[in-house]
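Could you build the full structure based on these sequences and the hints that come with them?
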Amino acid sequence: MILEIQSLRKEFKGFTLQNVSFSMEEGCITGLIGRNGAGKTTIIKLIMGLLLPTAGTFKLFGEENRVSLRDRIGFVYEENYFPETSTLKQLKSITKSFYTEWDETVFQKYARRFNLPLEKKLKALSSGTRKKFSLALALSHHAELLIFDEPTSGLDPVMRREFLDILKEYIEDGRRSVLFSTHITTDLEQIADYIVFIDEGKIITDAPKDELLDKYRLIKGRKEDWTSEIQELCCGGKLHEFGFEALTEHADLIAKKIAIQSEKASLENIMFYLLEKKDV
Amino acid sequence: MFKVMKADLISVERSIIIFLAYEITLVLIWNIFMVKDIPIIIIFLLTPMIPILNLYTMEMNAESDKILNSFPAKRSAIVAARYLHSIVFLILGFILGYVMIFLSRTIPVVVKPVAWPTYYKILVISLPELVMAGVFLPLYFFTGKYRIPGLTGITFFVIVFWGVSKCLKNLPDKEFVINSIMLVVATILFYVISYFVSVCIYRRRQFY
Chain A
6 MILEIQSLRK
16 EFKGFTLQNV
26 SFSMEEGCIT
36 GLIGRNGAGK
46 TTIIKLIMGL
56 LLPTAGTFKL
66 FGEENRVSLR
76 DRIGFVYEEN
86 YFPETSTLKQ
96 LKSITKSFYT
106 EWDETVFQKY
116 ARRFNLPLEK
126 KLKALSSGTR
136 KKFSLALALS
146 HHAELLIFDE
156 PTSGLDPVMR
166 REFLDILKEY
176 IEDGRRSVLF
186 STHITTDLEQ
196 IADYIVFIDE
206 GKIITDAPKD
216 ELLDKYRLIK
226 GRKEDWTSEI
236 QELCCGGKLH
246 EFGFEALTEH
256 ADLIAKKIAI
266 QSEKASLENI
276 MFYLLEKKDV
Chain B
52 MFKVMKADLI
62 SVERSIIIFL
72 AYEITLVLIW
82 NIFMVKDIPI
92 IIIFLLTPMI
102 PILNLYTMEM
112 NAESDKILNS
122 FPAKRSAIVA
132 ARYLHSIVFL
142 ILGFILGYVM
152 IFLSRTIPVV
162 VKPVAWPTYY
172 KILVISLPEL
182 VMAGVFLPLY
192 FFTGKYRIPG
202 LTGITFFVIV
212 FWGVSKCLKN
222 LPDKEFVINS
232 IMLVVATILF
242 YVISYFVSVC
252 IYRRRQFY
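Going down the list, the protein sequences come from chains A and B. If you count the first sequence from 1, position 241 lands on 246 in my numbering, and the numbers rise without skipping. If you count the second sequence from 1, position 52 lands on 103 in my numbering, and the numbers rise without skipping.
The reader is advised that the hints may include incorrect statements.
[Unchecked claim] Using 25 angstroms as the maximum straight-line C-alpha spacing, the simulated DSS-like pairs for lysine-lysine come out as follows:
(1) B:K57 x A:K125
(2) A:K228 x A:K282
(3) B:K196 x A:K18
(4) A:K125 x B:K117
(5) A:K126 x B:K117
[Said to hold, decoys possible] If you want the footprint, here are the derived chain B segments under chain A, 3+ residues with CB under 8 angstroms:
(6) 108 to 115
(7) 245 to 258
[Claimed, not checked] Quick look at which bits of chain A chain B covers, simulated, 3 or more residues with Cβ under 8 angstroms:
(8) 48 to 62
(9) 69 to 81
(10) 88 to 94
(11) 97 to 104
Bear in mind the hints are in silico, worked out from the structure with no lab data behind them. C-beta atoms are modelled at their ideal positions from N, C-alpha and C, and glycine is treated no differently.
What follows is the structure, given as structure tokens:
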């Protein structure tokens with residue numbers, strides 16, 4: 006296991022991350038999804054040592070967590086925390102000095118691929134270019150675990166696609182893994198192997214992506230068929246002017262009772278309806 | 052620790068240039084315009100503060116400590132680097148001061164010759180500066196802000212500056228040596244204790 010989190014708890018005023026447990030295997034991409042304030046960034050900060058857990062433990066690369074293991078982790082945060090007055094070249098020099106496995110050739114390759122203006126100051130760059138720079142840094146020291154907090158926000162669709170391709174290439178050798186928190190669930194549908202869905206500090210579901218996508222179906226039916234019996238068989242649903250739309254694990258059973266249109270649910274639909282059910 | 056120091060130095064590269072420019076300008080104003088009332092001590096007093104304060108201002112504004120703490124760097128090493136580079140900048144300030152004095156004495160046509168600073172003056176400046184850093188750093192690591200720790204540090208600087216000058220002024224040679232050694236030892240001890248306090252504080256620090 007590359008990452009094993011056990012009963013991780015973090016208390017804040019007004020928010021508690023409650024006994025979060027999940028693990029990540031080598032060679033897989035794990036997507037951390039959930040709405041704003043669900044606890045995704047808190048989990049990432051706990052792994053990176055920026056926050057101290059109230060309770061619980063986690064292991065990295067099979068060992069008890071310690072600072073030196075961060076040498077094997079590449080990270081990209083949602084916000085830019087690099088000093089804006091420094092040039093990319095300076096920031097690269099700073100980062101480089103901390104990693105024993107820094108590979109200048111790899112960095113230069115990504116700098117060219119992303120068209121990074123290394124002589125320019127960070128403040129002169131767009132948020133997308135800043136993100137690309139952070140990605141280049143994270144990918145340039147042969148990290149075995151990449152931890153990304155909203156890495157694709159601020160990237161244009163072309164770059165987003167390229168980024169996802171890079172991640173697929175990165176884990177090809179089967180030794181590296183990626184933990185990826187995002188709101189853009191379509192990104193995860195393309196590349197994730199495993200989904201951890203979190204809300205209000207609790208894990209709602211934690212399963213392989215394909216299993217999750219196979220488990221739920223999105224069904225559509227007539228308004229008058231939205232009975233309490235059907236509602237009980239659904240994980241959540243919406244009544245529209247012309248009918249209903251709902252998420253269910255029992256599409257076959259419902260189809261025997263009423264006329265429905267059934268289709269594969271997207272991660273976004275699953276997230277939306279499961280949260281709606283939870284809120285009710 | 053040296054990695055953190057390197058990172059800090061790269062981050063404040065620009066302000067080190069400002070620091071050098073300040074040093075040169077000060078000496079030029081002092082000498083070319085013959086401003087006799089500005090004592091040489093000011094060079095030692097103010098210049099090392101510029102890059103240091105710039106570093107903490109920048110760190111606070113960018114929250115770059117989140118990045119620093121995400122690197123494989125121990126928190127004790129980060130603290131040690133900050134304590135060490137306060138000393139490095141202090142020494143750098145002195146070295147530059149001495150270079151300027153040397154220049155003023157070797158090129159008397161351009162600048163007015165300046166007297167070498169006495170041991171008394173060196174102590175009067177360096178000890179309060181270390182106390183200031185020793186007060187500022189634990190407060191900075193605790194709060195993550197620099198204004199209140201900075202003001203507290205400066206207040207301590209003034210108090211210690213006044214105390215050290217009173218303590219050492221007009222003493223016979225023997226007593227001067229004994230008092231100055233005691234003050235140096237006390238300052239080093241304070242600085243070391245301050246370091247351990249900072250390490251304890253910083254280990255518990257959380258970056259929300």
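Consistency of the hints with the structure:
{"no.": "1", "hint": "B:K57 x A:K125", "result": "holds, 20 angstroms"}
{"no.": "2", "hint": "A:K228 x A:K282", "result": "holds, 19 angstroms"}
{"no.": "3", "hint": "B:K196 x A:K18", "result": "holds, 21 angstroms"}
{"no.": "4", "hint": "A:K125 x B:K117", "result": "holds, 22 angstroms"}
{"no.": "5", "hint": "A:K126 x B:K117", "result": "holds, 20 angstroms"}
{"no.": "6", "hint": "108 to 115", "result": "holds (count 6)"}
{"no.": "7", "hint": "245 to 258", "result": "holds (count 3)"}
{"no.": "8", "hint": "48 to 62", "result": "holds (count 6)"}
{"no.": "9", "hint": "69 to 81", "result": "holds (count 6)"}
{"no.": "10", "hint": "88 to 94", "result": "holds (count 4)"}
{"no.": "11", "hint": "97 to 104", "result": "holds (count 6)"}
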